[in-house]
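**Q** Here's the letter readout for the chains.
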Amino acid sequence: QKEVEQDPGPLSVPEGAIVSLNCTYSNSAFQYFMWYRQYSRKGPELLMYTYSSGNKEDGRFTAQVDKSSKYISLFIRDSQPSDSATYLCAMRRSGYSTLTFGKGTMLLVSP
Amino acid sequence: EAQVTQNPRYLITVTGKKLTVTCSQNMNHEYMSWYRQDPGLGLRQIYYSMNVEVTDKGDVPEGYKVSRKEKRNFPLILESPSPNQTSLYFCASSRDLGQPQHFGDGTRLSIL
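One line per chain: the protein sequences are H and D, in this order. Residues in the first sequence are numbered consecutively from 1, following the working numbering. Residues in the second sequence are numbered consecutively from 1001, following the working numbering.
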């Protein structure tokens, strides 16, 4: 079983839709969870950074962590064509620097 | 503007010809790291550095070297590049171990 699983997509939605992106993981030691957005020919850009379980909201973005289910989600409200990108989840253990990434989900938002 | 700068952005070279990819950050970050990104494999860490003169291996260090002589710079060295090192490389930095990492825009290496 891979440490972090993420559906590669592509996920195609119309403008204005609510988008749900998800990752599952197997290592219960992961404590810090991140979502990155990556546009073509660019580096990953940090969107959300959360510690342990719970919800975090930032504008149109909400990150959820359910440690009991080993499941994290990123919700995007009122999606825009500019949200079209690949979304990467990442996580790490407390006291360790190494990030473990999902393979990324490609999101396409059509006007 | 806070940024992580990598050079070159693109490079085509041949097997065995030593090359260096530079990485520089202007945020006074202690922690720096190198990743490679391959289709179907995602991002994998090559090496990281907790501070000047402190480096350690990541998940895929074979065939790579790094050095951290100054806080702002963290070059990636391929002493004898091989075709299996053809990839997209990213440098990242963070204030310290506990903070999220910020990435450069990548270097696409093709080794023939």
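Hints are computed from structural coordinates only; laboratory data are not their basis. Honestly, I wouldn't trust all of these hints.
Derived BS3-like pairs (lysine-lysine); straight-line CA-CA distance at most 30 Å [what the hints assert, rightly or not]:
1. D:K1057 <-> D:K1017
2. H:K67 <-> D:K1057
3. D:K1065 <-> D:K1018
4. H:K56 <-> H:K2
5. D:K1018 <-> D:K1071
6. D:K1057 <-> D:K1071
7. D:K1071 <-> H:K2
8. D:K1065 <-> H:K2
9. H:K2 <-> H:K70
10. H:K70 <-> H:K56
11. D:K1057 <-> D:K1069
12. H:K2 <-> H:K67
13. D:K1057 <-> D:K1018
14. H:K2 <-> D:K1018
15. D:K1018 <-> H:K67
16. D:K1017 <-> D:K1069
17. D:K1018 <-> D:K1069
18. D:K1071 <-> D:K1017
19. D:K1018 <-> H:K42
20. H:K42 <-> H:K56
21. H:K67 <-> D:K1071
22. D:K1069 <-> H:K67
23. D:K1065 <-> D:K1017
24. H:K42 <-> H:K2
25. D:K1018 <-> H:K70
26. D:K1069 <-> H:K56
27. H:K56 <-> H:K67
Which chain H residues face chain D? A few, computed with CB under 10 Å, are given here [to be verified]:
28. P8
29. L11
30. V13
31. I18
32. Q38
33. P44
34. K67
35. S69
36. S84
Glycine included, each C-beta is placed from N, C-alpha and C at the ideal position.
**Q** The structure should be examined with respect to each hint, and the outcome stated for every one.
**A** Consistency of the hints with the structure:
no. : hint                : verdict
1   : D:K1057 <-> D:K1017 : 23 Å, holds
2   : H:K67 <-> D:K1057   : 28 Å, holds
3   : D:K1065 <-> D:K1018 : 11 Å, holds
4   : H:K56 <-> H:K2      : 26 Å, holds
5   : D:K1018 <-> D:K1071 : 24 Å, holds
6   : D:K1057 <-> D:K1071 : 18 Å, holds
7   : D:K1071 <-> H:K2    : 34 Å, violated
8   : D:K1065 <-> H:K2    : 27 Å, holds
9   : H:K2 <-> H:K70      : 13 Å, holds
10  : H:K70 <-> H:K56     : 17 Å, holds
11  : D:K1057 <-> D:K1069 : 17 Å, holds
12  : H:K2 <-> H:K67      : 17 Å, holds
13  : D:K1057 <-> D:K1018 : 20 Å, holds
14  : H:K2 <-> D:K1018    : 34 Å, violated
15  : D:K1018 <-> H:K67   : 45 Å, violated
16  : D:K1017 <-> D:K1069 : 23 Å, holds
17  : D:K1018 <-> D:K1069 : 20 Å, holds
18  : D:K1071 <-> D:K1017 : 27 Å, holds
19  : D:K1018 <-> H:K42   : 25 Å, holds
20  : H:K42 <-> H:K56     : 25 Å, holds
21  : H:K67 <-> D:K1071   : 36 Å, violated
22  : D:K1069 <-> H:K67   : 39 Å, violated
23  : D:K1065 <-> D:K1017 : 14 Å, holds
24  : H:K42 <-> H:K2      : 26 Å, holds
25  : D:K1018 <-> H:K70   : 43 Å, violated
26  : D:K1069 <-> H:K56   : 38 Å, violated
27  : H:K56 <-> H:K67     : 14 Å, holds
28  : P8                  : 9 Å, holds
29  : L11                 : 17 Å, violated
30  : V13                 : 23 Å, violated
31  : I18                 : 25 Å, violated
32  : Q38                 : 9 Å, holds
33  : P44                 : 5 Å, holds
34  : K67                 : 18 Å, violated
35  : S69                 : 22 Å, violated
36  : S84                 : 18 Å, violated
Checked against the numbered hints above, the structure breaks hints 7, 14, 15, 21, 22, 25, 26, 29, 30, 31, 34, 35, 36 and satisfies the rest.
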